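Under my numbering, residues 25 to 590 are what the sequence shown spells out, in order.
Possibly wrong hints are sitting among the right ones.
Simulated crosslink set (DSBU-like; lysine-lysine; CA at most 30 Å straight-line) [as the list claims (entries may be wrong)]:
(1) K523 - K428
(2) K422 - K523
(3) K202 - K118
(4) K405 - K381
(5) K384 - K349
(6) K580 - K548
(7) K373 - K199
(8) K99 - K188
(9) K99 - K123
(10) K349 - K237
(11) K219 - K431
(12) K187 - K199
(13) K486 - K384
(14) K160 - K146
(15) K428 - K384
(16) K486 - K429
(17) K223 - K237
(18) K431 - K373
(19) K548 - K506
(20) K405 - K588
(21) K188 - K588
(22) K458 - K548
(23) K570 - K188
(24) K405 - K581
(25) K506 - K581
(26) K173 - K197
(27) K384 - K358
(28) K422 - K349
(29) K429 - K548
These aren't lab readings, by the way, just hints derived from the structure by calculation.
Computed from a predicted model, the values in this text were never measured in an experiment.
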Amino acid sequence: MNRSLLLVVCDFLLLSILALARFDVPEGATIAQDDQKVVSKAVIERISDGESYDDVVAELEATNETLLENLSSDKDALVLQKEELEAQILQRQKELEAKEEEIANRDEVIAGNEAAIAQAQKDAAELSRQREEIAKKREELLQSNAASKRELELLAKNLEDAKKKQEELSALKEKKEKEAQSMRVELAATLEKAKAEEKAAEEAKALLMDEKKRSEALVASTAKIDQKIDNLNQGLEGVGKDLRVVGEGLAGVGDRITTVTKEVSSVKEDMTKVGQEVSGVKATVAEVSEEVSGVGSKVESIKKEVEETAAVQKKNFEKLNERQKQSLNEIFTKYEQNKVELSLEFNHKGGFLGAEKIEKFTMDSIILADGSFAYTLVHAKDSPFRLQPRPRTLISVKGQITGKKLKSPIQIREIAFMDDPRIIIIPLYLDPQKLVETTDLEIFSAPKNPYLFSEAVIVDSKEGRFGQTNFVRDEKDARYIKVEHSNFAFLTGKFDPAKSDLVFSKKGELLGIMVNNNYAFHVKNLGNRLHTGSRTVLGNAFEPAKTNTLLSSLGKKLFGLQNKFR
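Given the sequences, and given the hints that come with them, work out the whole structure.
This is the structure in structure tokens:
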């Protein structure tokens, strides 16, 4: 408690006690009147002890006077003290009122301060919470800052490389501009040359038709030559018979020689006849030998002519294959006009706290055929059956294939996974020949000779972009083909292959599907490359538990592939 306030309270209590004190004369007390003197019993008793009354009275009077003097002085002092106390009380009251007013003001201030303190406590709690969040975010920012720093260093390095590449490209651009300036002069000559080549191509086509007719005529002449050879063989058989007759004649000559000793004249005549017959036989044999040698020369000439014709046909076949190559625009136009849309609607546990969520996946694809088997191939990326970053927990899946040229949707009954689990094959269970006859849709196929050309056409089915690049088969694993990849496509503007892009050969056949930026799944021997036990039925017969287990095992199998194929 404040000291000044304590003094005020004590003064107030003291004045209250003095105000309440009573100095009344008690009842039964004897009061002296006029000059009467009142003597107490003690004094009377003292008188009885032998003391003089006058002495006692004198003593009492003296005592009384002393007391009166003392009382008078004390009264004056008390009056002065009372006045001082009253003044102090008034002063104290004023001070007390001021203090009470100050206390009231302070109470208001305290009440306001208490509200401010409560708000400050709430603000402090909020600040503490924000401080904790800031600390967490700071840690996350530090981690992301480290990653960003690494990415920034990598980006700086890539930027430096890109700058060097840009300088090289600038120099190359200047060089190309100079070359373009000189090539503009040659452009007219090139156009004339192209027209001449087109004319030569037409002439080559006509030549090919002539060669075809010549081949047919050659086959016919070969058949006639075979017939002549058969006739010559029959002639040779006749010559053999003549030789046998000559032998028999010679035997007859021997018989005649034995009779020479009997008839000389007849022997001479017979010898002349025999000589004539022998000379005739020799002439016949000479003619046969000449005819046989002629047959041999004819056979040699025919063989040489056949070899020359085969060489010409080989060259014509190469020219024909060259003409079968389709341009980049032709292949993309064929894809664009005959593409279909694959849509899969699926229900999975992917919402907040594992709640069920319904989504729809769509992508463009093409219909392929292998004999009477129609199917389509897609990459599992972003589909219900994705394996990265983690498989979905599926509940139901159904799907269909639609297209501008299809009269009605094709319902998808089931799917299966290939030996690369990122590639899904979808059998369509329809006759491709009947589909071609009833619609204008053109069906694609896998190439029988995939390595006939070294160029390939890449089509991005999502963005509708396309480009041309080179490819080679992988040196160790024939299930994949390596596609040439441009590291600075974002600077040069070139088309750069990416995951799920379609790879076509120069004849418009589907070579493969890109599994990353460098390698594509080779569409080859698909019947032997199905993953065992991966058939998955869609629609009402869909089995969630079996499918989710299968996806989990396929995700683990994906890590078994070589790093370059992932």
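Cross-check of the supplied hints:
no.	hint	verdict
1	K523 - K428	holds (26 Å)
2	K422 - K523	holds (24 Å)
3	K202 - K118	violated (108 Å)
4	K405 - K381	holds (19 Å)
5	K384 - K349	violated (38 Å)
6	K580 - K548	holds (24 Å)
7	K373 - K199	violated (59 Å)
8	K99 - K188	violated (117 Å)
9	K99 - K123	violated (34 Å)
10	K349 - K237	holds (24 Å)
11	K219 - K431	violated (43 Å)
12	K187 - K199	holds (18 Å)
13	K486 - K384	holds (15 Å)
14	K160 - K146	holds (21 Å)
15	K428 - K384	holds (20 Å)
16	K486 - K429	holds (19 Å)
17	K223 - K237	holds (21 Å)
18	K431 - K373	violated (35 Å)
19	K548 - K506	holds (15 Å)
20	K405 - K588	holds (18 Å)
21	K188 - K588	holds (28 Å)
22	K458 - K548	holds (24 Å)
23	K570 - K188	violated (54 Å)
24	K405 - K581	holds (16 Å)
25	K506 - K581	holds (22 Å)
26	K173 - K197	violated (34 Å)
27	K384 - K358	holds (27 Å)
28	K422 - K349	violated (39 Å)
29	K429 - K548	holds (27 Å)
The earlier numbered hints that this structure contradicts are 3, 5, 7, 8, 9, 11, 18, 23, 26, 28.
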